[in-house]
Amino acid sequence: MTTAGKFLEMGTAILLFVAVVGVILFVAGRLGGRRGDRWVAFLYLTPAVLMLAVGLIYPAARTIYQSFFDAAGDTFIGLDNYQTIFTSDEQLTVLRNTVLWVVVTPFAATGIGLLYAILVDRARLEAFAKALIFLPMAISFVGASIIWKFVYEYRPDQVGVKQIGLLNQVLVWIGGTPQQWLVDPPWNTLFLILVMIWIQAGFAMTVLSAAIKAIPDDVVEAARLDGVTPVGMFRYVTLPSIRPAVVVVLTTIGIGTLKVFDIVRTMTGGQFDTSVVANEFYSQSFRSGNEGLGAALAVLLFVLVIPIVVYNIRQLRAAEAR
Amino acid sequence: MTATDTSLSTTTPVTKGSGISARARKRLTSPWASLAAVVIAVLWTLPTFGLAVSSLRPEREIKTTGWWTFFRDPTITLDNYRAVLSAEGSEGLGSFFVNSFVITIPSVIIPICLALLAAYAFAWIRFPGRSVLFVAVFALQIVPIQVTLIPLLTLYVKADIVGSFWTIWLSHSIFALPLAIFLLHNFMRDIPPGLLEAARIDGAGHRQIFFRVLLPLLTPAVAAFAIFQFLWVWNDLLVALTFAGGGSEVAPITVALANLSGTRGTAWHLLSAGAFVSIIVPVVVFLLLQRYFVRGLLAGGLKG
Amino acid sequence: MRLRVTTPNLTAASVGALSLTLVLAGCGGGSTDSDDRAANAPKVDCTQFTQYGDLKGKTITVYTGIVTPEDKAYTDSYKPFEECTGATVKYEGDKAFETQILVRAKAGNPPDLAIVPQPGLLRQLVETGRAVEAPAEVAANVDKFWGADWKAYATVDGKFYGAPSGASIKSLVWYSPSEFKDNGYEVPKTLDQLIQLSDKIAATGKKPWCAGISSGEATGWPITDWMEDMMLRLHGPETYDKWVNHEIPFNSPESAAALDEVGKYLKNADYVNGGLGDVKSIATTTFQDAGLPILEGTCSLHRQASFYAANFPAGTRVAEDGDVFAFYLPGKDESAKPLLGGGEFNLAFSDRPEVKAFQTYLSTDTWANIKASVSQGWVTANKGLDVSNVSNSIDKLAAELLADPNSVFRFDGSDQMPGAVGSNAFWKQSTSWITGQSTKQTVDNIEAAWPK
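Residue numbers (our numbering), protein chains in the order written: chain D, 1 to 322; chain G, 1001 to 1304; chain C, 2001 to 2452.
The shape of chain D in the complex, shown without the other chains (with noise of 0.2 Å):
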């Protein structure tokens, strides 16, 4: 295919979808009246549901159904890929570096966002400072994990071989002999954390930011006037007016953390006691030839996240109460 043709493909194909939105809202404006309302929103929403159901809801299901087999995938084994993951050292290992990863990562990096975000608030070249923080969330995880390895490579201790890795070169500066940092655990999964907070600190600043930002004139001056000091007025005025905002963040934060997979497939293969859920469905779906441990992992990251959703959708209900 020529150039010129891929692109005539892809107007082709953005053309068609206008027209399909198109016709939906002719055909939808014919239909009036209250009764009407309902035909409209039907035709409205026919073709996000019918996609999400064939994309989404069709393999989510099959996986639930497959996790409940074996290996081949042929016979039913009720809850042992489940037992699988509650009692194999291995798979609880897996277990306890995901906790770590969800619990260490949504609040460091909201943390670090939250804290740049009120240093740099109406500093000069603010724009700028802040583009520099947002920048790593515009590289893919693989790029970042080429950018982390010049930071943590190690090289010996030895004359005439000198260090690749930052942060090694910066021990050896101060007197300390070099580590191979993702190496032992527990200290590697968080050198691995270290990645994603790097990674998400930026969304967390950005957002927390433009929520400070809309914190009323009138409240912060009241504050002022009564004397209050800047931690008294971050304790008092900042945090409780950005309280929502911090929630989504975290919560996020929280559920891409949960998915975090390439970081780990590319920076240590989930070796030395490393994996996560989402890597450890990777490799024992598509290389061990387990798919039903892997749907089991797989359904397990659901479950994970639903207390996440669930909070969401109760904090979504008491806005729409008021």
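Wrong hints could be hidden among the right ones.
[Stated by the list, open to error] To list a few chain G residues with every Cβ distance to chain C over 12 Å, as calculated: (1) F1127; (2) Q1146; (3) E1197; (4) L1260.
[To be verified] Listed below are the simulated SDA-like cross-link pairs for lysine to any residue, each with C-alpha atoms no more than 20 Å apart in a straight line: (5) G/K1063 to C/T2439; (6) C/K2264 to C/T2439; (7) C/K2452 to D/D218; (8) C/K2356 to C/Q2048.
Bear in mind the hints are in silico, worked out from the structure with no lab data behind them. Heads up, the beta-carbon is just placed ideally off N, CA and C, and yes, glycines get one too.
Using the hints, position chains G and C against chain D.
Coordinates of chains G and C only, in the frame set by chain D:
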């Protein structure tokens, strides 16, 4: 999906801002605060900077010395970029670059079109089962992409569209829908109902309300989502790997980069240059549209 | 393990020139025009291809894990077939082949032909029900050109699925010929001599061995090769086969002894890790970088397969009198000559006539010789291979070892074990073992991972 593209709108309103002038807030004005900000900024930028420097150094030096030695002994070479851009045995990264654009643009536009419709229905039309359905759509965010690979590919085989761009466009659109619907719905809910009511009294139907009232107000929100979706699709490897499946014909640049170093070991000189080539477009897009992004966040979920 | 023979660094021009002359010689004729294009698209005598008929307009898709720079030799070797039959071969190389081929096969979107690097993966693919049996012509060729053991690797439940393609030799130790010469070291003929040599080098204060097992998600595989080599040497091929087929448990005393034997080298702080750090640094050193200290003189011995030749930087002379070379990892005594190796197989997912024809072509000695002549760093166990078509010294060594009647060839064990072991637990536990886990714990854990 990745963390970058999950929910970015609040579901709960924050204390209402009083417009652009609402910019007073407490500030830590001490020099320590400035210092802390600079330290964080440096720490965050340093790794990427290291990659940028590395990509310009000769292969042998990348492998034996740290990138910081560059400042003592600067040797610049464009060989790595040359090697990456004209990878041997193929026509270079050019056609993959084109593919990335061809993949990304519809994958951003299609889900937005469909999600706008659905979000409108969820936000402004009363129908039975509305909230249950909406919660279900939101909850679909949790389905890991990996579980969909085999079922979707099987369907594409039956539809005989394997190896074309359609599989990738459809897949990315499907994966983006839950977030897009959720997000746009939240933005729409934030538009004062009075506006819609007034339009309705004037005799406007859903179509007119959608185009004349909502769409102009939604532009920043759509832009914010578009940026996220763009970054996600551009950086995606897994979806492309599974569904493109046809050599350079439809594969995006990420796939080409993944195979770049070949079997020749670690090839850090190629990887660093390749990684830099691949991040330029998303970074530029982001920096250009950053304004809309922040405005989108402000306009939508973060106010009450 | 899964890696294939690789191309050492020779310039494209020399390969091209070489290929032309060799193909011309090998195929007996054709024109003698020698412009650049002809070098890439060897003119051949099409009479050898008449049996495949006219395949004009037909396309055959090939999907492999073989990427740049080795892919070129493959596509070049397909050109005579394309020119003479009119068919087009579409070649797709992808580093994620091993997982993606499973996804594609299961979803019903397989290529016409896959080059599968492991018998275990081949079995998995056959189990998806999408693979097709090899045609009779291929089976006949394999009977003619390969030993029965090779045919068995591609046989699942009594049905034969595909001809072997390339082969690599893993029982090799890389060393510096000049270092050996200068210090009067001799190439060891037995395992005991190997230990004596290691001690001798260690006594000079140098760490004799260097190793590295990091390889992304496959981290750990070089140790599995080590262990298989020792299993063969300590207990012989029969026990090895039982071990691979799980007729004796993975935590049997034999198995533990083999791993302990590996530990004598890799977990010995006096022996490793030359130029790379301590024992633990083995875990984080990539296998590609692990043998390079030989060039720096900080390491003397590195056990790795023949394909490792490709990892030395451009300009390195790989030869018996060059900068680096390899010797055969000796047996327990001189009488036994166990040889560990690996290889790929051509597995078809379609029985269209053109796919059958192409498959048949790939199973002939014609293809083997064409492929060898356009490749650097490629050998095959095809008995029809004329060793004179193999051009570099390490490949010659490999081809000679393969052809040596005293050699007892065994295929890489982990490649034949079930995926849960061969491409998961074995790697992972080996990695834990090198970072401190006991041998007993390691073999117990792998045994526990074996599918019931």
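Status of each hint after checking the structure:
No beta-carbon of chain C comes within 12 Å of the beta-carbon of G/F1127; the shortest separation is about 36 Å. With a least beta-carbon separation of about 10 Å from chain C, G/Q1146 fails to lie farther than 12 Å from that chain, contradicting its non-interface assignment. Non-interface status of G/E1197 relative to chain C is upheld: no Cβ of that chain comes within 12 Å, the nearest being about 50 Å off. Listed as outside the interface, G/L1260 is inconsistent with that label: its C-beta sits roughly 8 Å from the nearest C-beta of chain C, within the 12 Å cut-off.
Pair hint G/K1063 plus C/T2439 does not hold up; C-alpha atoms about 34 Å apart against a cutoff of 20 Å. For the proposed pair C/K2264 and C/T2439, the alpha carbon gap of about 12 Å is at most 20 Å, so the pair holds. For a cut-off of 20 Å, the pair hint linking C/K2452 to D/D218 is broken: about 70 Å separates their Cα positions. At most 20 Å may separate the alpha-carbon atoms for a hinted pair to count; C/K2356 and C/Q2048 meet this at roughly 16 Å.
Violation of the numbered hints given earlier is confined to hints 2, 4, 5, 7; the remaining hints are satisfied by the structure.
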